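J.: Those protein sequences? They're chains A and B, same order as listed. With the UniProt record's numbering as the guide, the letters of the first sequence map in order to residues 1 to 462. With the UniProt record's numbering as the guide, the letters of the second sequence map in order to residues 1 to 462.
Worth flagging that the hints you see were computed from the coordinates, not collected in a lab. A couple of the hints might just be wrong.
For identical chains, the list gives no copy identity; a pair is met inside one copy or between any two copies.
Stated by the list, open to error - No more than 25 Å apart at the CA atoms, straight line, and that leaves these computed lysine to any residue pairs for SDA-like:
| id | residue 1 | residue 2 |
| --- | --- | --- |
| 1 | K419 | S373 |
| 2 | K200 | F89 |
| 3 | K258 | Q181 |
| 4 | K94 | T321 |
| 5 | K416 | R350 |
| 6 | K415 | R350 |
| 7 | K98 | R336 |
| 8 | K73 | M339 |
Quick caveat: nothing in here was measured; it's all calculated off a predicted structure.
Protein chains: 2
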Amino acid sequence: MKYLYNDTYFDEEAGGPIFFYTGNEGDIEWFAQNTGFMWDIAPEFGALLVFAEHRYYGSSLPFGNDSFSSPEKSGYLTSEQALADFADFLLWFKRTRKGVQDSPIIAFGGSYGGMLTAWMRIKYPHVIQGGIAASAPVLQFQGITACNVFNQIVTNDFDQASPNCSASVRKSWEVLNRFGQSDAGREWLSSAWRLCEPLKSEDDIGNLKNWLVEVYGNLAMVDYPYPAAFLEPLPANPIKVVCQSLNDPQLTDKFLLKSLFKAVSVYFNYTGSSNCLDVSKQDAGSLGDFGWGVQSCNEMVMPMCSDGVGDMFEPLPWNYTSYEQNCLTQFGIRPRPNMAELIYGGRNIRASSNIVFSNGLLDPWSGGGVLESLSDSLIAVIIPEGAHHLDLRAAHSDDPASVTKARRIERAQIKKWIKDYYSAQSSTNEIPLPTIHTNNSSPEYDMVLPDTPLPLESSEEY
Amino acid sequence: MKYLYNDTYFDEEAGGPIFFYTGNEGDIEWFAQNTGFMWDIAPEFGALLVFAEHRYYGSSLPFGNDSFSSPEKSGYLTSEQALADFADFLLWFKRTRKGVQDSPIIAFGGSYGGMLTAWMRIKYPHVIQGGIAASAPVLQFQGITACNVFNQIVTNDFDQASPNCSASVRKSWEVLNRFGQSDAGREWLSSAWRLCEPLKSEDDIGNLKNWLVEVYGNLAMVDYPYPAAFLEPLPANPIKVVCQSLNDPQLTDKFLLKSLFKAVSVYFNYTGSSNCLDVSKQDAGSLGDFGWGVQSCNEMVMPMCSDGVGDMFEPLPWNYTSYEQNCLTQFGIRPRPNMAELIYGGRNIRASSNIVFSNGLLDPWSGGGVLESLSDSLIAVIIPEGAHHLDLRAAHSDDPASVTKARRIERAQIKKWIKDYYSAQSSTNEIPLPTIHTNNSSPEYDMVLPDTPLPLESSEEY
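With the rest of the complex left out, here is chain A (with noise of 0.2 Å):
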């Protein structure tokens, strides 16, 4: 398991704090570049930076290069065997690292590494003391949330971003699947889109149609209001640039495909150095794809859909069968799709605590987000302008008034969590509560409890 840390502003004397990213599917390098909010605030805090690495992404593979190589080996990819893996690592850190022995722990986290430290605080209160859980769709699952909503907010976006741009995506999928049809349209897309593999065949048009859907969802993720590079290199609010190209639903078949390309061309090869599209990548490839193909299918089942109607996709319906039918077929996994409502609680998490749930609503994730405060100490924080976790980016100038008030109110909880950390370290067996004697007649008895200091030795390696 990889880890990264940092202390730089670590004051120990103060008895600083230990921050602590709770890596998701990637190189955890790639998590700690992008969450400039805790090396911003590190130095108010004093606070030592920790990153670590999830097992079985980036370079954290339990079995090297036999990770995935069966279900047997695979079968350990999951987010409970995550967490556990962060608590061992923490005591681990806290027994062998000078100065932060009694060092209170924050975790942060974005998306799936927002959910971790949420389900990490609900599940190893006694390790960590509070968690920024940022854009964390801990409601993403069956039975929880309705399957349309992640398509509703990508397209309610579009619509933002311009009242054409979305009527145009929607009118362009019945041009695609025509042009699909023959070889003539085929030819005229592969060369007028410059794509990198020409289609061969209809079955083509489905893999171009299933970049477009997941170009689409990828920029109302990354729809930061300044130049950003998290999945691609991108220009300040991407959708208005996109939709730009998209302003006229009315266009002929050629002239709309044409403007379509231009439209993603700006998430594809805005520095302009693509030779071609290639429709089989994503992104800039920090994240670890298929290591969450796996997991997706071991347990992080989050249903998707499409309407049409609510929505500016083609039709199409949730459809666990399938879904299971795929995993078995790939991998020879069945997936548990009420993981998260088993294990980490799903709406039921009120006995849980210190815990904000940032979301912004430009992001369509924040559809599974908490976005109601569950009790005064589960915090729910709206950005309005703000998209995937832009509150763990570093400050910019060009922040919304939103993201710097979120920011704000996460920074006075992290505070708060600490204070009351230390106020109930000094009062542990000095004011206890009082204990409910049964019989005031106590026989005499000598019971010697005494508070042996917890050794911890351990020779684990990390």
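Place chain B on chain A using the hints.
T.: Just chain B now, kept in the frame of chain A:
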């Protein structure tokens, strides 16, 4: 996985709860028979009773007769896996059995079963609303509780029964060792103690002493105020009866050993049906001793030691290295000694809620129990005259007032948990806590977040 249920008292119309026993290391029938408290209070609550057997015990063998054939098979014998079984079972039970869909669930457990009840609430607060963890030594782990506490409490129990009792036991070890060294001594002892297997070597005396150590501990556990047959059939206040034969530590060797045999006959032969003493047997056989041996090596490392000063035993320090070596030799398993600390939090469980930790002070396991309330919903109840989970047994005319009062507190807590559950249910989505919007100028946004009821269809078999 075997489970038992009884719906005699279930009041569906009143929304009666499920009372759920978190089965421990033995046949589930035995726990159902020895947990009279649940049966006693079921009518008052209109409760449905469910008793679930723990994997690898009784007839719940995941790999049939092969379940213990290798560490690969027996490695799934852990408390974590058992808790996941219980959670999975309960969701299945609720969705398949008519009338319990919305019932709150209250867990009960004694001893290791009590640990499971506490840990179940800690890890699955969305599944159970609260738990009565009776005589649950959740702190009896390395680095958390001193290893000598157990034997000190056993010694205190003997001291309280009669002042000379522990002195007689303390003296007996040296005499036994001396008799074990010679053929004549071993012959005399084999005959006087009517041993099923005569002592053949010095090593055999070690087995005899181990048996005695366990018997003293068991007597302390089941030192109930009325005749009972929990581990073996016994009279009321068995330690008092045992100590009647051990009131003179000045006796010469053979008289001392004869007295000791008479004393322990109360334990192994109260009914008079045993023809000989079999030191390879500890109890009437309802506990899964072999399974517990494996589980102790997998994860349940509960250090024990004695020093002969604060206790009546021969000095025997805790030696983790030899414990580990035994596990490797016997089962091929390397233990995880910090499991309880890592997974469940050790002493650090204040983030949890709705648990009653009851402990009888006669019970040697109380030394590893939670003896002080940790919050207003993590409540320690002390029963000064109680032995091992006396409160979970059926009410009895010879019960001390302290256990009656403990049960009253437990019933009051259960009522509160059920009431809280129903009031949280009725307030859900009605009076949500204010969400923190970080900007008042929220964009127009047509978000659809339907609250689909959870379908939870599944074809799993239990």
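J.: For every hint, state whether the structure bears it out.
T.: The hints, checked one at a time:
For the homomeric pair K419 and S373, the shortest alpha-carbon distances inside one copy (21 Å) and between copies (22 Å) are both at most 25 Å. For the homomeric pair K200 and F89, neither the shortest alpha-carbon distance inside one copy (50 Å) nor that between copies (51 Å) is at most 25 Å. In this assembly of identical chains, K258 and Q181 lie within 25 Å of each other by CA distance solely inside one copy; the values are 18 Å within and 99 Å between copies. For the identical chains of this complex, K94 and T321 are inter-copy neighbours only, at 24 Å across copies versus 45 Å inside a copy, given an alpha-carbon limit of 25 Å.
Taking the shortest alpha-carbon separations for K416 and R350, both the intra-copy value of 19 Å and the inter-copy value of 16 Å come in at or below 25 Å. In the homo-oligomer, the alpha carbons of K415 and R350 lie at most 25 Å apart both inside one protomer (22 Å) and across protomers (19 Å), since each shortest distance falls under that limit. When the C-alpha separation of K98 and R336 is checked against a cutoff of 25 Å, the pair qualifies only between copies, where the shortest distance is 24 Å, while the shortest distance within a copy is 41 Å. Taking the shortest Cα distances, K73 and M339 sit within 25 Å of each other both inside one copy (19 Å) and across copies (23 Å).
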